[in-house]
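**Q** Starting from the known structure of chain A, arrange chain B on it as the hints suggest.
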Amino acid sequence: MNMRNRVLLAVCVVIACTRVLSLDDFLFDPTTIDEYLRPEDFDPEWETRFIIHDSLIEPVTLVSMGNTIYGFFVRGNPDSALHNQVSILYFHGKDENINRYWARIEYLWEMGFNVFIFDYQGYGKSEGSPSGEALFSDGAEALHYLRSRADIDESRIVLYGWSIGTFVTTYCAADVMHPAAVILESAPASITALLRDSALLNLTGSYVADADFDNEKRVGDIACPLLMMHGRADDFIVFDRHVPLVWDAAHEPKDSLWVEGAGHDDIPFVLGTAYHQAVIDFITVHVLQ
Amino acid sequence: MVGGRTSAYVFVVLLCCLSCGTVASVRPLGQGRKAVSFSFGGPVTSVYDVDVPVPYSVIRLTYGLSKDTDLHFGVHPTMSLLANAGIDIGLSKHLTTESGLRPALCLGASLYGFCHINEFSSARVYPGISLIGSYAFFRSHNLLYFGAHALMQFTAPYVILAPLVGTEVPLGEKFAINAEALWYAPTEASKDRVVDYTLRPFDHGAAGFAAGVSYVF
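Protein chains in written order, with UniProt numbering: chain A, 1 to 289; chain B, 1 to 217.
Since the hints were derived computationally from the structure, they do not count as laboratory data.
Careful, some of the hints might be misleading.
For the chain B half of the interface with chain A, some residues (derived, Cβ under 8 Å), not all of them [unchecked claim]:
#1 L82
#2 N84
#3 H116
#4 R124
#5 Q153
#6 T155
#7 I160
#8 A185
#9 T187
#10 E188
#11 F202
#12 D203
The calculated label-pair distances, taken between Cβ atoms and stated as ranges, are [what the hints assert, rightly or not]:
#13 W258(A) to Y215(B): 53 to 59 Å
#14 F138(B) to G261(A): 39 to 45 Å
#15 F154(B) to D41(A): 50 to 56 Å
#16 F120(B) to D235(A): 33 to 39 Å
All C-beta atoms, glycine included, are put in the ideal place defined by N, C-alpha and C.
Looking at chain A on its own, in the form it has when it is part of the complex (with noise of 0.2 Å):
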């Protein structure tokens, strides 16, 4: 083979290796485990800390894309005067599995509120692998769950999302079903602004991945009040490179909650009870009146 076929040769076999590699694994990082475990299970500092009592707390399977999916539902603090009026469903962010979260939904349920948290695929016991289209599927599987139930008010759903988890809280808002509310927190604007982080070329998103992550876009068509919190000490989701997409693109009702001093993970330990606070009012003004 001459050198000119070498050359034809390598140009085919770079043509043919299209497609072989997607970054979109790389934006996950789950763990799987056999069993759940309480917090203090794994996190002796839990031990006098963690307040839900069992009875409270009921697994829940669900079925997205054939795979089984595991959560729990948590019912309200019933000492709140909150109690049972509202459910929120939560979108974890992209480590590990529920185990992990344990703090933020036991904050949202000592306000009273009754809290459904679940795997995406192939996190925790969930089956299956996460992916755009899982995750997204997973969200709608969980609404549609959540809004089945008989015990609670589904004119009262509240969508939260945490960081990944905020993609999925507006594809659910807006494509799935409008809640009573939205809260975003640490919300990246979108794939495409992730890119523009890191190579500062203005490529598109779906160079790389081929999730439809974009919160700049979805926030546009959710049709009821929105709280968006963010940490003016982020170092990961940078506030001036994410915050204005997203939260000039949202409609009003609008609610803004910029935390000076807090990063990508702490928002609700950084304000401690002026986070309950935040929320109680947000839910209080935008849900129950």
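**A** Structure of chain B alone, referenced to chain A:
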């Protein structure tokens, strides 16, 4: 996204478009001559806790239009692997020959085109220019070169620079190898980006390395 940025964000591969491998032409190829080169490299980042230059690759064909002007055409395999078409085409004009302390100078102009194969609206074209000076050393066989690429776009940052220094070493009559050190986007703050660039001189841009091998027909 819990836990902040992660090496998983290998989106960084696309930053390598700023340089697209090693420089297309350091010295004139000669009228009617042809060459093919393969180069790879990019900014250093942590991938699964290992610091490596991202292996962005380019296969480039070069043709000597005249004694001092080369035409080059490149395809970008790494982009192809991600279901994107990536090509570049351009000219390199050798302005001066080396004389004393004055280096040989080569001015390059290219157009880079990228498109996701399933989304035509994603098509992007970026003009780029480069200015490369070079000195021959070690019996005039080897080259030491230096200069910069500049890639342009219609959104901020409008110009993305990549200063570089490199060397070209011949291996026999037909083959040569190149090695370059580059500073990608030195005018852009690189702290608090989604990708954790390992080498960030003065917290601006990202340092990286590229290597290449070429064959002259």
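**Q** Next step is simple, just say for each hint if it's right about the structure.
**A** Do the hints match the structure? See the list:
For L82(B), the interface hint holds, since its Cβ comes within 8 Å of a Cβ in chain A; the closest pair sits about 5 Å apart. This hint holds: N84(B) has a C-beta 5 Å from the nearest C-beta of chain A, less than the 8 Å allowed. A cut of 8 Å between beta carbons decides the hint on H116(B): the least distance to chain A is about 5 Å, and the hint holds. This hint holds: R124(B) has a C-beta 6 Å from the nearest C-beta of chain A, less than the 8 Å allowed.
Look at Q153(B): its Cβ gets to within about 5 Å of chain A, closer than 8 Å, so that hint holds up. The interface hint given for T155(B) is met, as the beta carbon of that residue sits about 4 Å from the closest beta carbon of chain A, less than 8 Å. Taking 8 Å as the C-beta contact cut-off toward chain A, the hint placing I160(B) at the interface holds, the least distance being around 6 Å. Because the smallest distance between the Cβ of A185(B) and any Cβ of chain A comes to about 6 Å, under 8 Å, the interface hint for this residue holds.
Hint on T187(B) is violated. Least Cβ distance to chain A is approximately 10 Å, over the 8 Å limit. Because the closest C-beta pair between E188(B) and chain A is about 6 Å apart, less than 8 Å, the hint holds. At its closest, the beta carbon of F202(B) sits 17 Å from a beta carbon of chain A; the interface hint therefore is violated under the 8 Å criterion. At about 12 Å, the closest approach between the beta carbon of D203(B) and any beta carbon in chain A exceeds 8 Å, and the interface hint on this residue is violated.
Taking 53 to 59 Å as the suggested C-beta distance range, the pair W258(A) and Y215(B) conforms, at roughly 57 Å. Taking 39 to 45 Å as the suggested C-beta distance range, the pair F138(B) and G261(A) does not conform, at roughly 57 Å. Restraint check, F154(B) to D41(A): a C-beta distance of roughly 55 Å satisfies the suggested window 50 to 56 Å. Taking 33 to 39 Å as the suggested C-beta distance range, the pair F120(B) and D235(A) conforms, at roughly 36 Å.
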